[in-house]
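So the sequences go chain by chain: A and B. For the first sequence, the working numbering assigns the number 1458 to the initial residue and increments by one for each residue that follows. For the second sequence, the working numbering assigns the number 1458 to the initial residue and increments by one for each residue that follows.
No wet-lab data here; the hints were simulated from the structure. Remember, predicted model here, so these are calculated numbers, not experimental data. Please note: incorrect hints may appear among the correct ones.
Copies of the same chain look alike in the list, so a pair counts if it works inside one copy or between any two.
[Stated by the list, open to error] Straight line, CA to CA, 27 Å or less: simulated DSS-like cross-link-like pairs of lysine-lysine: (1) 1640 <-> 1872; (2) 1909 <-> 1899; (3) 1640 <-> 1909; (4) 1632 <-> 1872; (5) 1541 <-> 1632; (6) 1872 <-> 1909.
Number of protein chains: 2
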Amino acid sequence: MKKSPQRIIIENPEPMVSQGEFPAKALQGDHVEVEADIFIDGHDVIHADLLHRKTGEKTWLRKEMIPLPNDRWRASFPVEEMGKYEFTLEAWIDHYRTWLHNFIKKVDAGIDIPIELQNCAKFIKNASRNAGGRSKEQLEGFLQIVGDEKLAVEKRIDAALNPDLGELMSVYPLKKNPIRYEKDLMVEVDRKTAGFSAWYELFPRSAKLDGKTHGNFRDVIALLPYIHELGFDVLYLPPIHPIGTTKRKGKNNSLHADREDPGSPWAIGNKEGGHKSIHPELGTEEDFRMLVKEARKQNIEIALDIAFQCSPDHPYVKEHPEWFVKRPDGSIQYAENPPKKYEDIYPFDFECDDWENLWTELKSVFDHWIDQGVKIFRVDNPHTKPFRFWSWVISSIKEKHPEVIFLAEAFTRPKVMHKLAKLGFSQGYTYFAWRNTSWEIKQYLTGLTRGKERIFFRPNFWPNTPDILTEYLQSGGRPAFMIRFALAATLSSNYGIYGPAFELVDNKPREFGSEEYLDSEKYQLRNWKLHDKKSLKGYISRINQIRTENSALQSMRNLLFHQSENDMILAYSKQSDDKGNTILVVANLDPFHTHSGWINLRLDELGIQSAESYQVFDLLGDSWYIWSGPRNYVELNPGISPVHIFRIRKKVRTERDFDYYL
Amino acid sequence: MKKSPQRIIIENPEPMVSQGEFPAKALQGDHVEVEADIFIDGHDVIHADLLHRKTGEKTWLRKEMIPLPNDRWRASFPVEEMGKYEFTLEAWIDHYRTWLHNFIKKVDAGIDIPIELQNCAKFIKNASRNAGGRSKEQLEGFLQIVGDEKLAVEKRIDAALNPDLGELMSVYPLKKNPIRYEKDLMVEVDRKTAGFSAWYELFPRSAKLDGKTHGNFRDVIALLPYIHELGFDVLYLPPIHPIGTTKRKGKNNSLHADREDPGSPWAIGNKEGGHKSIHPELGTEEDFRMLVKEARKQNIEIALDIAFQCSPDHPYVKEHPEWFVKRPDGSIQYAENPPKKYEDIYPFDFECDDWENLWTELKSVFDHWIDQGVKIFRVDNPHTKPFRFWSWVISSIKEKHPEVIFLAEAFTRPKVMHKLAKLGFSQGYTYFAWRNTSWEIKQYLTGLTRGKERIFFRPNFWPNTPDILTEYLQSGGRPAFMIRFALAATLSSNYGIYGPAFELVDNKPREFGSEEYLDSEKYQLRNWKLHDKKSLKGYISRINQIRTENSALQSMRNLLFHQSENDMILAYSKQSDDKGNTILVVANLDPFHTHSGWINLRLDELGIQSAESYQVFDLLGDSWYIWSGPRNYVELNPGISPVHIFRIRKKVRTERDFDYYL
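Only chain A is shown next, with the shape it has when bound in the complex:
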């Protein structure tokens, strides 16, 4: 027979990732909302506390939890610093409140009063034993009245029910056998950028823009004002290292490279160096550090691509042949996806006998670039390397550098993507590029924002990448680019584009049926006319500005879809935590035709009374409307502007108030 039972049950705490094996994610300044099922047999009153602290600190801070319906309890705690926090839950039977609950009913019914006053006196005695100073005096004062059988019963009841006594009893609770949740759960706190960022991907070697001369970091510095005007705050560069020559790929991924072909930046390493070196044509380490510094002046952070693979010419191949898989003929196994061969790429063997040295060396690649001022990494294909490698390398780095942000480029199966997020990646690429219809978008976003992944997976939405020119963009042209941009930037708080291909509406695929760009920058320089009049620069700048000015767009989990009677029209809103900022996006998903129809807003969720009128201001155009009730009419011509981004403002109530938004 087990020891006499602790009767309270604490179950299903949230947030909890994989039974507490991994931390949930939060941002600096967040209030982490904690919930749990806490219940007991019978009818005793429970007291529950949330215990929380920054990991490493000795003292737990306490916060009393509030009961919700259905035995669920809630409390929240603030997280101000980067790094790990931990929390757990504690509960006990509040015998005093249990008694008080019944006592009040008995007083009303006029039964058992003398005996219950005796019980009350016992409780007060108990509390006063733990109290000191003024509190002890007060408790003893109450005890004298409640416990004195010579006094009038009414007077004693009044004292027993005095709110000041209740207050004191809470401060000195009778806390017998408190039960603690069996685990301490973790929250990893990142800086704000991990949750709100706009990325711009650029090949530095095209930064001369003429398509002929190899660009360098100084040319990128010259482009910073342009990127700043567009409104991006992360500038992500594909690998900047020396590029292999063996089996180098030519234009459009041809197997034969001409002499002037620069090769794929992902075929990393040649005799001039590997993952810690800079391709000489891009500049020096000093140039790179200057780029980092100049970017920062314009509030832009440089993000680097970390692709753990080697060209056959990488120094590692000679120095550490044991880090690669051998074929039966003794040669090193190149990457392949039969029947495709990638002979310009050697993958590492993460399970080789010398794996510890390999892993340590790879970690030192991150360390090297962190020392150069880089705090954001886009990691290439992490899903083809072992999970435990990432778990180890990310946690080791974040221990010293909690400010570092890792974006996983894992376009793979959902569970693998989730695992990478759980074990430490701060953000992940998503399937957004392939979600085009209303149904697809709602389905996918509902998973991301309401599914269990919401507490560990931070999506980053890319309408295009150097590898992905979607059929939607290919066929839909400029309106399609506008629609997809607005969706990426307003559905997700983190998003990015690969430019200038995006803003210049480059929609030519290598061939029909392919998602590869024609004349892809992966294999050649490109000539970009940044000031072409078809450029979406103004549109992009405006939407990035709207994102910055409207805190509702800086979160993801606050997404709410509204019903639309026309399937081609998608309507969704976001509201800031303080409810002071509400954005409603209405998008025509058809790049070819004008669509109109009725949308039905969930006014209750927006905090609008259904009888109220309210104003919707189109932040993209100049128009504004007075709407009333849930059902409203919209019409969008994709050739002009396929999207409304409305700010909703409740109509003010008196005629005198003229402090309108405009």
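On the provided structure of chain A, position chain B as indicated by the hints.
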């Protein structure tokens, strides 16, 4: 740095209750379906096995798992015996299949053949090392061909791709570092009755039926043929022990009992004995054993009520005053729900200092009745006793008597009910009595049959109990009784009624607004006219017969709702596992008015092609219909028959086949 990684991840296995703390439930003869997420970085092929055994056995049995979409894997294992089974999962990288997968592509593309044949030879060598006898010979035969560089390449490829080789390679797999799921999970297997039962509750003291003379076990024996004709297989008796006299309740729960008032059977114990004794007016131990025996002859099991509480006259009160809570004046605390007092009842103090002896004594109550042949217990208010008591007492009993079934009478909050089910109760009462509308029924049943509780909580549906005469039954009269009976008996595989009050359509409440019966048998004898013409006996018999003859109705999780265009008409189906038996129930939920309308069947889920005609036979009436397509018309007059119970049969395809159902 951790040890070099095991790369496969095994997560989210099902069935798993509270992270494996408690067993999932199954029935003898079930095939327990096990699923888990099993995945790996990259593209290696995984082999996964389900390991299972009866608890106590040494050897694990193995079954290869089948991959489903989205990295989910599945296999099942049969459970034939009562008691606990355990299972877990094992997976490893199938290097041979990974290689084979690529080899086939390479053969198609005509690349790398010689080198891959060398690889193949290595795999065969490896396998033949583990093989013996004929298999070894066969493997060596293949090796001679595949490995012989002098032979024609085509011949070697043929050998490498020979299915017999594939077969042999599966038998002797290259199993490096298999990973096991971190826990062994449990399944508790009950006998069939735990999952399929029809209960009849009867007060033996009314079994003389005249409302005047105290009935006894011999009178109950005389009623067995009646109960058997009704079609019930569990006869549940309220407490049969001596009843206290102190503070005895009179008719209609009056505080003053007349001399002839028999008292509440739940006020257990007087000088003639307690929980192990029989109320002398009901008969002797021998009479009781005869009842058990005679019932069994008619395929009826006796279920007893276990109510762990005492009347003030119970022998325990004198012998073990330490098992009860004292009030400040030294008297024993009676049950109360202020301002209500239940002075005829003393609750036990499960946390008293002498709790071990108390718990042991209470367990011996179950043991006593098990020795008398009782294998089913209805447990009164288990939610007011500690969870760990139940966990301990049920598991101790089931260790020796896995055939014992416990029904929890816990009409309390959902999480408490679920906890009781997790820790061992075989069945639980539900909120069914208060779910009347389409929306309520669908909502509630979807939770029970699709929610996570489906693997541990077996519902038992009661349209009435001695404590519950619902407003629906009070107001709706005979049609209401018919509707609620059909719903209980076809929605749930376990259900029960409190009779003869139910079949005789007793719908008079103590007063308006109360759910108590007027002249409740809890406090007096009743006069029952079993052969009154308003009796629902025929209707009940027929539905119980339908349940017995249609295996679709013997499960719960197979419930499927169909859309109905009239909210007063509810439509749902059940299909047997082998899909050979399909029942469709269409019920008019309005006891007052005829309703008609269109229902839309989910034909795909029923395995009917939408172009097919099919027959629906009303098993309650004599009518049958030929339906076609999903949309069909129904009309139900509650005064005649408020419910169709259709058996669906696909229309046979040739005119010659005349083997119709009727």
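Quick rundown of the hints versus the structure:
Proximity of residue 1640 and residue 1872 under a CA criterion of 27 Å is satisfied in both settings, with 25 Å inside one chain copy and 21 Å between copies. Taking identical chains as interchangeable, the C-alpha atoms of residue 1909 and residue 1899 lie at most 27 Å apart whether they share a chain (16 Å) or sit on different chains (25 Å). Both within a single protomer and between protomers do residue 1640 and residue 1909 lie at most 27 Å apart by alpha-carbon distance, with minima of 19 Å and 23 Å respectively. Proximity of residue 1632 and residue 1872 under a CA criterion of 27 Å is satisfied inter-copy only: 24 Å between copies versus 43 Å inside one chain copy.
Taking the shortest Cα distances, residue 1541 and residue 1632 never come within 27 Å of each other, neither inside one copy (30 Å) nor across copies (39 Å). In this assembly of identical chains, residue 1872 and residue 1909 lie within 27 Å of each other by CA distance both inside one copy and across copies; the values are 12 Å within and 21 Å between.
Of the numbered hints given earlier, the model fails hint 5 alone.
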